[in-house]
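Heads up: the sequence shown begins at 1 in UniProt numbering, then just goes up one per residue.
No lab work stands behind these hints, which were simulated from the structure alone. The reader is advised that the hints may include incorrect statements.
Label pairs and their calculated CB-CB ranges [as the list claims (entries may be wrong)]:
1. Pro64 - Gln93: 33 to 43 Å
2. Thr39 - Pro104: 20 to 30 Å
3. Thr133 - Ile72: 11 to 21 Å
4. Ile90 - Glu65: 28 to 38 Å
5. Tyr61 - Thr39: 33 to 43 Å
Where is the CB? At the ideal position from N, CA and C, for every residue including glycine.
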Amino acid sequence: MTVFFSLGLWCIYFCPPTYLRDHTRLSPAAMNALDTASTGGYLIYVSAISVVEVGYLVERYRLPEEAFGQLIQALSDAETELEIAPLNLITAQTLRQIPRHLVPDMPDRIIAATALSLNLPLVTRDAQIQSLTNIQTIW
Numbered sequence: 001m002t003v004f005f006s007l008g009l010w011c012i013y014f015c016p017p018t019y020l021r022d023h024t025r026l027s028p029a030a031m032n033a034l035d036t037a038s039t040g041g042y043l044i045y046v047s048a049i050s051v052v053e054v055g056y057l058v059e060r061y062r063l064p065e066e067a068f069g070q071l072i073q074a075l076s077d078a079e080t081e082l083e084i085a086p087l088n089l090i091t092a093q094t095l096r097q098i099p100r101h102l103v104p105d106m107p108d109r110i111i112a113a114t115a116l117s118l119n120l121p122l123v124t125r126d127a128q129i130q131s132l133t134n135i136q137t138i139w
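Using the sequences plus the hints, can you model the full thing?
Right, here's the structure in full:
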């Protein structure tokens with residue numbers, strides 16, 4: 001099962017060489033989805049906007065400097081199951097299917113639109129994204 005993983009402050013803990021996770025903050029369903037994808041040889045997609053957000057949070061001193069480097073290293077390592085989901089024209093067109101009144105934050109809308117455009121379940125604890133009926137969320 002390939003999944004789309006929404007990074008957030010709660011999960012920026014790197015466990016080499018597998019994926020970003022914090023066992024204490026991920027739900028059992030989220031851990032199961034990520035473990036199933038990882039052990040099954042499936043990809044775990046990470047939104048390009050999430051990578052940008054991590055860099056921004058490091059710049060604002062809300063995350064440690066090494067968080068961004070570890071994320072880039074994990075995404076660059078061919079041995080991990082992590083893959084960048086691009087922010088492209090299809091995602092931009094799909095964004096219109098994510099109601100702004102339900103998900104007002106632009107990065108969150110991009111994450112949801114990316115999952116929808118890839119037709120993948122989205123691992124997220126974001127309640128606003130979970131309220132969407134046009135994507136499958138796992139939490």
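Now for the hints, and whether the structure bears them out:
no. : hint                       : verdict
1   : Pro64 - Gln93: 33 to 43 Å  : holds, 36 Å
2   : Thr39 - Pro104: 20 to 30 Å : violated, 36 Å
3   : Thr133 - Ile72: 11 to 21 Å : violated, 34 Å
4   : Ile90 - Glu65: 28 to 38 Å  : holds, 34 Å
5   : Tyr61 - Thr39: 33 to 43 Å  : holds, 36 Å
Hint check: violations occur at hints 2 and 3; the rest are consistent with the structure.
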